[in-house]
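Protein chains in written order, with my numbering: chain A, 586 to 856; chain B, 586 to 856; chain C, 586 to 856; chain D, 586 to 856.
Any given hint could be a false lead.
As the list claims (entries may be wrong) - Derived DMTMM-like pairs (lysine to aspartate or glutamate); straight-line CA-CA distance at most 25 Å:
(1) K790(C) / D594(A)
(2) K697(A) / E833(B)
(3) K688(D) / E833(D)
(4) K623(C) / E654(C)
(5) K688(B) / E829(B)
(6) K633(A) / E833(C)
(7) K688(A) / E833(C)
(8) K692(B) / D711(D)
(9) K821(D) / E681(A)
(10) K703(A) / E792(A)
(11) K703(C) / E792(A)
(12) K633(D) / E833(A)
(13) K697(A) / E615(C)
(14) K715(D) / E849(A)
(15) K715(C) / D668(C)
(16) K704(B) / E778(B)
(17) K790(C) / D613(A)
(18) K704(C) / E605(A)
(19) K633(A) / E658(A)
Said to hold, decoys possible - To spell it out: a stretch of chain D is covered by chain A in this simulated footprint if at least three of its residues, at any positions, have a beta carbon under 8 Å from a beta carbon of chain A; those stretches are:
(20) 701–709
(21) 838–848
As the list claims (entries may be wrong) - Examples of chain B residues lying across from chain A (beta carbon under 10 Å, computed):
(22) A625
(23) A626
(24) T735
(25) C738
(26) S745
(27) A749
(28) H750
(29) A754
(30) P787
(31) D814
(32) E818
(33) K821
(34) A824
No wet-lab data here; the hints were simulated from the structure. All residues carry an ideal CB built from backbone N, CA and C; glycine is no exception.
There are 4 protein chains.
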Amino acid sequence: MKMNKKLRDIQNMSDVRGVEIQKVGVKDVEVPLSVQRKNAANQTVSAKARLSVTLPHNFKGTHMSRFIEILSEWEDRNLLGIDIRGCLIDVIKKLEAKKAEVKFEFKYFIEKTAPVSKKQSLMGYDCSFKGVYKKNGDYKFILGVKVPVTTLCPCSKEISDYGAHNQRAIVSVNISYDEQHIIWLEDLIEIVENCASSPVYPLLKREDEKFVTEKAYENPKFVEDVLRDVVLEFRKHSAINWFEIDIESIESIHNHSAWAYQKESKVCEEN
Amino acid sequence: MKMNKKLRDIQNMSDVRGVEIQKVGVKDVEVPLSVQRKNAANQTVSAKARLSVTLPHNFKGTHMSRFIEILSEWEDRNLLGIDIRGCLIDVIKKLEAKKAEVKFEFKYFIEKTAPVSKKQSLMGYDCSFKGVYKKNGDYKFILGVKVPVTTLCPCSKEISDYGAHNQRAIVSVNISYDEQHIIWLEDLIEIVENCASSPVYPLLKREDEKFVTEKAYENPKFVEDVLRDVVLEFRKHSAINWFEIDIESIESIHNHSAWAYQKESKVCEEN
Amino acid sequence: MKMNKKLRDIQNMSDVRGVEIQKVGVKDVEVPLSVQRKNAANQTVSAKARLSVTLPHNFKGTHMSRFIEILSEWEDRNLLGIDIRGCLIDVIKKLEAKKAEVKFEFKYFIEKTAPVSKKQSLMGYDCSFKGVYKKNGDYKFILGVKVPVTTLCPCSKEISDYGAHNQRAIVSVNISYDEQHIIWLEDLIEIVENCASSPVYPLLKREDEKFVTEKAYENPKFVEDVLRDVVLEFRKHSAINWFEIDIESIESIHNHSAWAYQKESKVCEEN
Amino acid sequence: MKMNKKLRDIQNMSDVRGVEIQKVGVKDVEVPLSVQRKNAANQTVSAKARLSVTLPHNFKGTHMSRFIEILSEWEDRNLLGIDIRGCLIDVIKKLEAKKAEVKFEFKYFIEKTAPVSKKQSLMGYDCSFKGVYKKNGDYKFILGVKVPVTTLCPCSKEISDYGAHNQRAIVSVNISYDEQHIIWLEDLIEIVENCASSPVYPLLKREDEKFVTEKAYENPKFVEDVLRDVVLEFRKHSAINWFEIDIESIESIHNHSAWAYQKESKVCEEN
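So here's chain A without its partners, still in its complex pose (with noise of 0.2 Å):
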């Protein structure tokens, strides 16, 4: 039996394998998360994080219970692009770390409003925030939100002498943009919604369901259209300097799904 003893720091021992780890960390933690709305107050989300550091080369280990003490800090304050440095800064110091990221993947609301009856109801969107930082000061933010939409397809369209087969179509956008500016996921919603045959909504009265089902029949899309649509749309806002995209159409006469995916960086990246 081992008793009596100080309880030795087995991660601050030294390593002589010589492997500097890239990324080590925790995964899967559950936070509360505020987040800072659009033109309206902040809003407390569920969020799951993964937080990570890199590992000199010399040490045998990382101390994993810090990243619960800092995500357990972090959970009050106003989280978009801005904070989320602040969080890595405050990572890499207590780890004495050279570069560390982080990961909250949540479900966040937003009021939709039906088209013709305009009646409200909440919608929740998968979204995230991805912040990296190094101690030398550079640091990236990506947005990403997954945008549930409708695609009609213009194939069955043409061919058909009524009808079109259509369905629920997933969006998945990534951004990076200029820490001049700050992007909304209110506004990025809008935007990718606006490229597919219609947007979906949680409440629907009759009069809104003919129109988004004419909408979508006025309107067909490959998802080669919404891939093309995004993509121009992103390349020339000004703010955005690096984009993801990736859709997947649930296809209503197959049980797979058609997929179009697309990565774009406008400035020299070193990944």
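Place chains B, C and D on chain A using the hints.
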């Protein structure tokens, strides 16, 4: 240090809490299985198994490794109703239990023929075999399958000048039937598909796409309609004595599903 | 082209198939909710809702948009047992149904105190509220929670010269209780945690890690043991009249789980 | 009504937006595959496929049904590195693309022998084949596997008077290697398992359980240790020219995971 000792069988020790356990065993065990097909050679599938027994109040634990041994032995056998029973009789003997239960979940491939071009392709369905056997000889077998189909909304068609929203829906059915009969997965799937606006297919050429688009438009169905039509089919099928139907329609105009559920028994049940 | 027509209410049309539908409604609706906490201010949670009614045989369909309207109205109310009933009475009235059912699933945060350092951190638990209400006034409320704990294997400890395999296990419980009482999620979770080898915590400093490691080793439990101890607690709790327990232990020496299940009712049930 | 018309090929129409699409195709297609085993007959697996091509800026859409036709044709072929290339050459031809990419994900069974009793049982591993082929002949093949193992915490062992927390961890690796060699899944899995505190097994009798419990206790490893040991193995393997390692340890004392990640290339990459 505990040395040279015999490996004591802790599970076999007596328990004094007086609680008979209804189900105890293993879950999420991956096993390859050989499944009987209708009019074709057996198909090797990759199954996830759950296997359990009742445990009398006076035993501390069951012997988990025996479940794995039995599953290993049964991998090569052809499975359908009757052999599940054989597997469970084995479990009852080797674990000295009053009652045993097994559930296998697996992807099963069926050849689909496109409606016009007649092109063939394989489609994978999520299927399950569940069996419950009691020492007194009582046996119940439940066959399950999730059938993806198309539903086209009757309301949207009626009120819109053109088009109608449609989407993929998943019809999950579980049935129990007379041991004198065999109900093939192939036949069960066909019954369900015929109750939808249209079946779905992996491979559709342009002439097929026109066909299924128009067929769905001519044949609008709410989840309520699909459910009622499947209920009527199952009620009139003389071999089926119990069934459960769950329909989830992945609405193309919402980010939520329309849902319907029914469970019926033609016999008196003790559950 | 269909022009100038009224928007006909297809759902209200009569149906001649003679099938009363047991449950029809909406599923996977995302809604923010305000949940009552024990001795603390309400907590805003992000819930996934399923809401359904029975549909008489003579109606073609239910009115899906009304479910969303009702859910929208109930977002701001404080929810625990009693208010779920209010929500369902609303549903019964607005949808003219005999019976209504609702289920909310959400992440709920509770403050945990590390056993030695007394450091505090929030832990998120998957919880659920389910209610069933009949027009005749019958009401049943089911409170559910998934409690992650540690299980340490008694057999492994007994036969090994040192060490013992241990792992995270998920104890999922559902209970129904007397309306005269309130059972708080905080208390239900504590009952379950006390039946395991050790609770789990988000934040553990070195002295806490020593404590929970030794506590689990001193307190070995099979899934059978955890199940029996929870069963005994629920049997002796005077307010609980029905319960269901499901334990899944993510075995550290296998790629499958050990599993146990029990369901008991203290009252005669019609189901 | 549109009658007697030809079925116009909408996809083949020209597009004026000037956006070349990087990847467009199909996702979540279920296909049975025949996979080459090391020193054994082929194994039939149930795969999920994603197949895509680049689409030039001047075409409106790709022909989704051709992907399914190609996948149908390749079901019966034995697959490992070399045949993935053949499949992609086919895609490039039939879809007139500059670049094609395919990813198959499937459960693959390997026979494991318990360390003391020598009892054999099958264990299923999540594996993947990914290939990228360019019209100019460039080809990259990536082999992936998720290996479940045991990790036992060095800190917990050091500071505790007895016991040590341990848990299942998932080591996900992707590697790219020289075409002159074949790296078998069987060998890749063995390399990874040897870097953990202990491998996991489906079937362990009492004497085996004693062995793996003590082995893990004698061999404590942080995720950092497992990562570094796998990195060193991959660095010294002469055929491997690129690799990615992701380790997630399902901590038994927390409800979150410890996590580590590394990606290294031995060659200059254009990505």
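Compare the distance between the alpha carbons of K633(D) and E833(A) with 25 Å, and conclude whether the hinted pair is satisfied. Status holds; Cα separation ~15 Å.
Can you verify the interface hint for H750(B): is its Cβ closer than 10 Å to any Cβ in chain A? Given a least distance of 5 Å, the restraint on H750(B) holds.
Checking one constraint from the list: CA of K715(D) to CA of E849(A), max 25 Å. Satisfied? Status holds; Cα separation ~22 Å.
In terms of beta carbon proximity below 8 Å, does the stretch 701–709 of chain D have 3 or more residues touching chain A? This one is violated; 0 residues, fewer than the three required, reach chain A with a Cβ under 8 Å.
Satisfaction of the A754(B) interface hint, Cβ to chain A closer than 10 Å: Given a least distance of 9 Å, the restraint on A754(B) holds.
Hinted pair K623(C) and E654(C), Cα distance within 25 Å: Status violated; Cα separation ~29 Å.
Is K697(A) within 25 Å of E615(C), Cα to Cα? Between K697(A) and E615(C) the Cα gap is close to 13 Å, so the pair holds against 25 Å.
Starting from K697(A), check that the Cα of E833(B) is at most 25 Å away, please. Distance ~24 Å between K697(A) and E833(B) Cα, so the pair holds.
Check the hint pairing K703(C) with E792(A) against an upper bound of 25 Å on the C-alpha distance. Since the Cα atoms of K703(C) and E792(A) sit roughly 58 Å apart, the hinted pair is violated (cutoff 25 Å).
Return the status of the interface hint for A749(B): holds when the least beta-carbon distance to chain A is below 10 Å, violated otherwise. holds (6 Å)
Per the CB criterion, is K821(B) less than 10 Å away from chain A? violated (28 Å)
Given E818(B) as an interface hint, is the shortest Cβ-Cβ distance to chain A below 10 Å? Violated - the Cβ of E818(B) stays beyond 10 Å from chain A, reaching only about 21 Å at its closest.
Consistency note: the structure conflicts with the earlier hints numbered 4, 7, 9, 11, 18, 20, 22, 23, 31, 32, 33, 34.
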